[in-house]
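Read top to bottom, the protein sequences are chains A and B. First residue of the first sequence? That's 1 in our numbering, and the numbers climb one at a time after it. First residue of the second sequence? That's 1001 in our numbering, and the numbers climb one at a time after it.
In short, the hints are calculated from the structure, not lab data. Do not rely on the hints blindly, as some may be mistaken.
What the hints assert, rightly or not - Some chain A residues close to chain B (C-beta under 7 Å, calculated; not the full set): (1) Thr44; (2) Gly47; (3) Phe86; (4) Asn88; (5) Lys90; (6) Ile161; (7) Glu335; (8) Arg336; (9) Phe350; (10) Ser351; (11) Ala353; (12) His357; (13) Ser361; (14) Glu363; (15) Ile364.
Even for Gly, the Cβ is constructed at its ideal location relative to N, Cα and C.
2 protein chains.
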Amino acid sequence: MSNYFSYTEHQRFGQGTEARLGRIDTPHGSIETPEFLPVGTLATVKGLLPSQLEELGAQGMLSNTYHLFLRPGADIVEEMGGLHKFMNWKRPVMTDSGGFQAFSLGAARQHGIGKIGVFPGAGADMVAHKDTYKPLAKIDEDGVVFRSFLDGSKHRLNPEISIHIQEQLGADIILAFDECTSPAASYEYTAKSLERTHRWALRSLNAKTKPQQALYGIIQGGEWQDLREKSVEFITNLPFDGFAIGGSLGKSKHDMHKVLEWTIPAMPHDKPRHLLGIGEVDDLFEGVQRGIDTFDCVIPTRFARTSNLLVPYDVDGANKRGTLVLRNAEFTHDERPVDPNCDCYCCRNFSRAYLRHLYKSEEILGSVLGTLHNIHFMLKLMRDIRASLANGTFFELKRHWLEMKEERNHGQS
Amino acid sequence: MSNYFSYTEHQRFGQGTEARLGRIDTPHGSIETPEFLPVGTLATVKGLLPSQLEELGAQGMLSNTYHLFLRPGADIVEEMGGLHKFMNWKRPVMTDSGGFQAFSLGAARQHGIGKIGVFPGAGADMVAHKDTYKPLAKIDEDGVVFRSFLDGSKHRLNPEISIHIQEQLGADIILAFDECTSPAASYEYTAKSLERTHRWALRSLNAKTKPQQALYGIIQGGEWQDLREKSVEFITNLPFDGFAIGGSLGKSKHDMHKVLEWTIPAMPHDKPRHLLGIGEVDDLFEGVQRGIDTFDCVIPTRFARTSNLLVPYDVDGANKRGTLVLRNAEFTHDERPVDPNCDCYCCRNFSRAYLRHLYKSEEILGSVLGTLHNIHFMLKLMRDIRASLANGTFFELKRHWLEMKEERNHGQS
């Protein structure tokens, strides 16, 4: 294990849960957990200055190896002193390994599916747009061959190349190279893929050269209990600094909870656990309850750019996803803030009518203010969750949020 | 004259110039002049939070009546408490009258011309794209009929409507409705238009009902000395709170200087003078020297979005326009800040290589950082100009900038 990295468990919540408070220490500072890490795919959390991200209280962020590999290139990031210096972000950074793109550009693209279940209407859409959905990735024992979505050029990623790139990028936490299998994959395919992912885990460990970076192993195995149990046993017996749980997480959120329950209790208490690419409100509660320490997800930032601002479900105007869709005409004359109880810069200073105007006019400031608000929303929720774990009220807080959602979705249309 | 508005001349520079230091007082605070006002066309300076604009030291801004009239509509801005509250900007705001669009959507669109001279290649382009360049505005004695560039809907602007809209918007300084004639217009047309603009000036004064807003008259007359002199005499004898000089400003910058020299010496010393839509570095010096107090221009913000960052001409990599074009490949590996001597947030924290990556990837943060830098550049230059007027070194400062430009443009390619 790296001397530069450690996880300290402060307090276990008990009450039949795996929930816990803890702290991850890295060369760029600490992360009090459980925590949500905003995603900055291309070395920028879209629309925010790093100083704004700091002011919002973000303790860390996640960046994407595959995307940075294509733009601007890992050589350039390394030449500029690594990700932290390149993007002027002084706190911890995690990079993924590019393995998820083996899924999202390969099978997921071909079959129109996400990490949990199938995109609505994906099938019909795919038939109509066969070329659009041609898989851009092929997997073999060595690794993955991608075609760049930018210019069609061919690139290979494998454990050695992924780790090398992640060393060039210089994140505090890097991830083993894996295959994220599809929810549409068979048991047989998933089992075979898992064996290969385990061989890739060993190759990732062997490839790593920099002690100042922590390396997480990734648990795969799809929606099958025996495969997940096999994976967690294999991976946690290797000298990784922490563990990430990768998709496919099954066909429903219920399946995802099962995956967490099959794996986390078998993990050691002195290492952190990350849930990859998941971050809706109920996911955070269910994940924390089952022992997850960190989350990452593009939803808050992507939603912000499509004018979906995250709010508690009981906020007037909220839809079933817990957002206000500010482009909608209903907000044209609405002088209230997005969330009257939110104390972010956006809610303290601007009306829904102004935000609607910005989104309708495609003004940059709409995305900026929306992102400020959505990241604030996520980090505030995680602070509340940490406080509830400390003072024993976690289940009250969870019930409050889930009941709000229930009432919203069954009270009115 | 409004009791809410005044101009105080602090100090005249002398040395054969009309340059002066002064202060404009408005209900939303003061503007130390000479000063540059950033443009926030749609009630947002594209990419910046109002708090960032304040931190940059912007003393005021200009917003566009015509654009706000179409989006979101003046009724909505009024309903939301006016521009200041709508966009959360606490300092002075000026609105134009929409008269400029009578030019830019009419004759300028038809003939491919700007306020000074003709756009390069405009003629050929126009022949190829006749429909694109169909005029969208028609002028008669009453006012202008526009077709919305958004949906083709018809709208009328005239002095009464323009003043009413500007009262709904609630800026501190509003402008009389005028016709901005084309540099391609004949003496006869310009003379006839001027008479009409003068009748519109009277109608604008009569239409105004709100004492808390200052109304500026606009001097027109194209590139003809007798028309400009006639205009300045007519307009300055009306009870306006200040004066703006409108284009056409002739066929070259030399013509523009002449226009300033024919008009400003005839203006009273107790009222402010604004030069509409002009703001390149040499224009600021020439304008200040000839007695201009405030400028507005979209160049700094528009340039920022096309990766053109304003720098002193002697900065390594600067082109003939005094910008670094950060999209260019030459900056791929450049770890220097945009301007090593600049102390803006962008230059203190980011390399040219990072900015190039953001611009190439079309990341929002590129435009945000570029705009922060360019507005800082403009406001810093204006602070330097004010300091040079106070301590008698204005001509040294001007010579320094013009010599840098000269050396840049004739030293290397």
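Next item on the list: Please name the hints from earlier in the document that this structure breaks, with their numbers sorted from lowest to highest.
Entry: As far as the earlier hints go, 5, 6, 8 are violated by this structure, in ascending order.
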